[in-house]
Amino acid sequence: MCALSHYIERGSEGRVATTGVSLIRAHPEGMKPPRSLWVPFPLGRPLGSPDQPDFQRDVLKSALDLLETATEPTIADYPHDAPTSDDDPWACAVALAPPEPANESEALRDQLVEEIRQLAPWHAEQVKRRGRTTIGISGATVEQIEGLARLLADFATGTEPSDGEIDWKHPMPLRLKFASDDLRAFYHEAATAQPGASYPTDADLNDWLFNQTLLGTVLRQIVGRMRESDDRRVSGLVIGMIPAGFARAR
Amino acid sequence: MVRTEDMHPDMAKNLLSLPLPEIEPQPWITPKPLAESTVAIVTTAGLHAHDDRTFNPGSVEYRLIPGDIDFDDLRMSHMSVNFDRSGFQQDINTVFPLERLRELAEQGVIGGISRYHYSFMGAQPEPTRLEKTGEEIGRLLAEDGVTAAFLTPV
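Residue numbers (my numbering), protein chains in the order written: chain R, 1 to 250; chain U, 1 to 154.
Some hints could be false.
[Stated by the list, open to error] Ranges between beta-carbon positions, derived for each pair:
no.	chain 1	residue 1	chain 2	residue 2	range
1	U	R129	R	P173	29 to 37 Å
2	R	G158	U	G58	25 to 33 Å
3	R	D88	U	G112	43 to 51 Å
4	U	P57	R	A120	52 to 60 Å
5	U	E136	R	T159	43 to 51 Å
6	R	N103	U	P25	57 to 65 Å
7	U	L18	R	N103	14 to 22 Å
8	R	A97	U	P25	56 to 64 Å
9	U	W28	R	D230	37 to 45 Å
10	U	N56	R	R225	20 to 28 Å
11	U	W28	R	R250	47 to 55 Å
12	U	D68	R	P161	34 to 42 Å
Treat the hints as calculated values from the structure; they're not laboratory data.
All of these numbers come straight from a predicted model, not from anything done at the bench.
Virtual Cβ for every residue (Gly too), placed ideally from N, Cα, C.
Given these sequences and hints, build the entire structure.
Shown next, in the form of structure tokens:
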């Protein structure tokens, strides 16, 4: 981000001034972009919190104000924390009670599909309420979400991947990464549609998905297989599968 | 409040070990007043239109995001899993504040909004590899009459 500030201004030959937000203060300190607003928010939330338009607008305006106030490379500190809920801690309203994962691909796929179907009504509710989904980077549509379970079950059990109806956007092994991201998006979107005491944080959602769902267990099995692979394209993708701190069950 | 000292040690170590190359500073640009500025968003969140290409490992390419894009058409294909995606899933403005920018334009705080916005994938192990595409974006924005860019990470 900081490098881009320099390159955009250079490429514009003085016609485009840059300002922006920074989540890691050490980065603008080291790379000295012209104008940067450091914000004390979680990674992934540079404007603060979802569904907080007044707060988001204030963050944006504070970064834009640097265009009028800064006269030399400047890092300003945003003074407010992102809004959070004061309600009770979040917990998924659907008790999934994940089974011991089956060793055989068909059976494991059926277990995953059963879990997906428990969440599907909530996901449909989310799509209805927000009018959109972020699923689709693997090539699967929401209607094809159960097809992703087949891919994951095949890989987790060491089974040759079977053909399905999904028009994949990527070959293996990248297909696994984006299929995993789409499934996690489905779980997250379903979980955040439920009427709960508060919105989950990223840590809440990761703890739920990796410690209380079958998908989390299967993703760990997959990562275990990927680590053992002699193919560096496969082992190198491990860091793109499971967030730091969740590679082991709690 | 989230700071690196509050993060998982592996994540903080990774973020703080990213190279921070010295880039020769450009001559200082004195921008137009905000009320006369045309503003574009440049994000490193790995966003793109649903039908556009995803970001693959090591990509320094950019994706074009038209200013009239429907939020339902935006997807995120960032390689890193070490950041919150639930904010984006619930409200795209948490990452890509186009609706907030429109409101500032309606209020007259900024002069206007670019017809085009741009997206890269962040967490680059070698930020200087962004030089060519970054300069290209600078040229494109300038040729389109944009006077200010709001850069946001994820």
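Quick rundown of the hints versus the structure:
1. Hint check: U/R129 to R/P173, Cβ distance near 23 Å, so the stated range 29 to 37 Å is violated.
2. One distance hint, 25 to 33 Å for the beta-carbon pair R/G158 and U/G58, holds here, with the actual separation near 28 Å.
3. At about 44 Å, the beta-carbon gap between R/D88 and U/G112 stays in the expected band of 43 to 51 Å.
4. Judged by the Cβ atoms, the range 52 to 60 Å given for U/P57 and R/A120 is violated: they are separated by roughly 31 Å.
5. A beta carbon spacing of about 45 Å between U/E136 and R/T159 agrees with the range 43 to 51 Å that was offered as a hint.
6. Between R/N103 and U/P25 the beta carbon distance is about 59 Å. The supplied range of 57 to 65 Å therefore holds.
7. At about 40 Å, the CB distance of U/L18 to R/N103 disagrees with the hint of 14 to 22 Å.
8. Hint check: R/A97 to U/P25, Cβ distance near 58 Å, so the stated range 56 to 64 Å holds.
9. A hinted range of 37 to 45 Å for the beta carbons of U/W28 and R/D230 is inconsistent with their spacing of about 52 Å.
10. Distance hint for U/N56 and R/R225: a CB-CB separation of about 21 Å, consistent with the stated range 20 to 28 Å.
11. Here the CB-CB span from U/W28 to R/R250 is close to 51 Å, well matched to the stated 47 to 55 Å.
12. With their beta carbons about 39 Å apart, U/D68 and R/P161 fall inside the hinted range of 34 to 42 Å.
Of the numbered hints listed earlier, those contradicted by the structure are 1, 4, 7 and 9.
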